[in-house]
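Enquirer: Residue numbers (the numbering used here), protein chains in the order written: chain Z, 1 to 173; chain A, 1 to 147.
Honestly, the hints are just simulated from the structure, not real lab data. Where is the CB? At the ideal position from N, CA and C, for every residue including glycine. Each hint should be verified, as a subset may be incorrect.
As the list claims (entries may be wrong) - Quick partial rundown of chain A residues pointing at chain Z, CB under 7 Å, derived from the structure: (1) Val4; (2) Gly50; (3) Val54; (4) Asp62; (5) Val66; (6) Gly70; (7) Pro74; (8) Ile126; (9) Ala132; (10) His137; (11) Ile139; (12) Val143.
Claimed, not checked - Where chain A lies over chain Z, by a calculated footprint (3+ residues, C-beta under 8 Å): (13) 26-37; (14) 108-114; (15) 124-134.
Claimed, not checked - Across the chosen pairs, the derived CB separations fall in these ranges: (16) Arg153(Z) <-> Thr123(A): 21 to 29 Å; (17) Tyr152(Z) <-> Ala28(A): 34 to 42 Å; (18) Thr120(Z) <-> Gly16(A): 26 to 34 Å.
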Amino acid sequence: MAFVDLPVASVTFTMVDGSGSQGSVSFNIPAATTIADALTAANQLRPLITALTGCGVVAMNITYSSIETTPTGLAADYSRIERKGVFSFRTAAGKSVSYQIPGILDAIVLPDGRIDEDVTEVSAFLVDLVAAPWTDSNGVDLTALTSAFERYRRTSRPMLPSKKTPDANLVAG
Amino acid sequence: VLPVAEVVFTAVDGSGSSTTFRTYVRSALSHTAALQAAAQLRGRLSAISGCCIVRVDVIYRDPYLVDEVGELQPSALFIFDCGPGQHAQIPVYGLLPDLVDLVDPFIVNVSAPPISAFVDELTSGIWCNPFAYDLQHCIEGIVQIRP
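With the sequences and hints as input, model every part of the structure.
Expert: Encoded structure:
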C-alpha cells in the first residue's frame, strides 16, 4: 500500500461551441510547479489556444493528484458505497453543509442509526474537518457538527457487484 | 482563480464500485499544503470507512466569460516528441479552417503563425507529457473529425 503524488499536474481548459457542446484539452506541468506559476503559464497559453479555435474557452482547472498504487483488495469486505455516514455542519456564515462518507463502518453506527461521535476515530475526523484548512464551498469555516447519521443510497446499475453469478456447486446441487 | 480549491477523494468499496467525497480549502493555500492536509484527512476517513481511498485530487478552478463561439469540429491533434520513447498527444477542439494545410485537408498547417506561436509556448519548458518529460518539438498536427 503506497500513496504517491503524481509527477505531473494537469491544466485543463474547458471549451464550448455554438451549440453548447463542451470539450476539454489537457496539458501537463511538473507537479512541483506552484499554483502561481501554473496560472501564469496557463494565462499565457489560453490566448494562443483561442487563436486556433472557433470555440470559447470557458474555464480552466489546475489539478494536483495523489494515487494509491496498490488499491486491489484494500477495501473491506462487505463495504458498500451506498451506505453513507452523513455529517452536517454549521458554518461561520450560519449556513449548513453536509458531507457523505461512503462505506461507513458498522462499529461507529449506533442501533438507532445515529453515528457515535464519541468514538475516537469519529471525533478525530470531526476535529480535523472543523480545523483549518477545510471550508465549505464558499470558503467559510465550519464551526459545529449539527447532525451525524447513517443513510442508504439507491444502488444504481453501475454500482451492482461485478460478480453476480452463483458458484458452480449450486447449479450442480 | 475561484476563492476555494476543491479536494476530491475517490473511494472504492468491496464490490469495486467507486464514488467521491468532496471538500474545500481556500485557494490561497499552496497545493503542497493542500495535499498534506488531504493526506491527514485521508487517514481519518480510512478509520471510519470500509472503502479504500484510491485517489486525491486538488483542483483550482478559474472560470472565464466568452462571447461568440463556433463549432467543436474539427479538432487538431498535435503529436509532440518528448525525448527517446516519449511522446504526447494534445487535442484542440474547433480548429479554424484557415489553419488547415492547403494541400492536405487532414494536416494542420504548422507554419501558420497562430500554430507556431502555440507550439513555441508548449515547447518553452514548463509543459510536459503525463510522465513529466518536457514537450520538445511538434512532430505533426492532424485534423480530426469525430462522430
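Enquirer: Each hint: holds or not?
Expert: Right, here's what the structure says about each hint:
| no. | hint | verdict |
| --- | --- | --- |
| 1 | Val4 | holds (5 Å) |
| 2 | Gly50 | holds (3 Å) |
| 3 | Val54 | holds (4 Å) |
| 4 | Asp62 | holds (5 Å) |
| 5 | Val66 | holds (3 Å) |
| 6 | Gly70 | holds (2 Å) |
| 7 | Pro74 | violated (10 Å) |
| 8 | Ile126 | holds (5 Å) |
| 9 | Ala132 | holds (4 Å) |
| 10 | His137 | violated (16 Å) |
| 11 | Ile139 | violated (17 Å) |
| 12 | Val143 | violated (12 Å) |
| 13 | 26-37 | holds (count 10) |
| 14 | 108-114 | violated (count 1) |
| 15 | 124-134 | holds (count 6) |
| 16 | Arg153(Z) <-> Thr123(A): 21 to 29 Å | violated (47 Å) |
| 17 | Tyr152(Z) <-> Ala28(A): 34 to 42 Å | holds (38 Å) |
| 18 | Thr120(Z) <-> Gly16(A): 26 to 34 Å | holds (30 Å) |
Violated hints for the displayed structure, listed by number in ascending order: 7, 10, 11, 12, 14 and 16.
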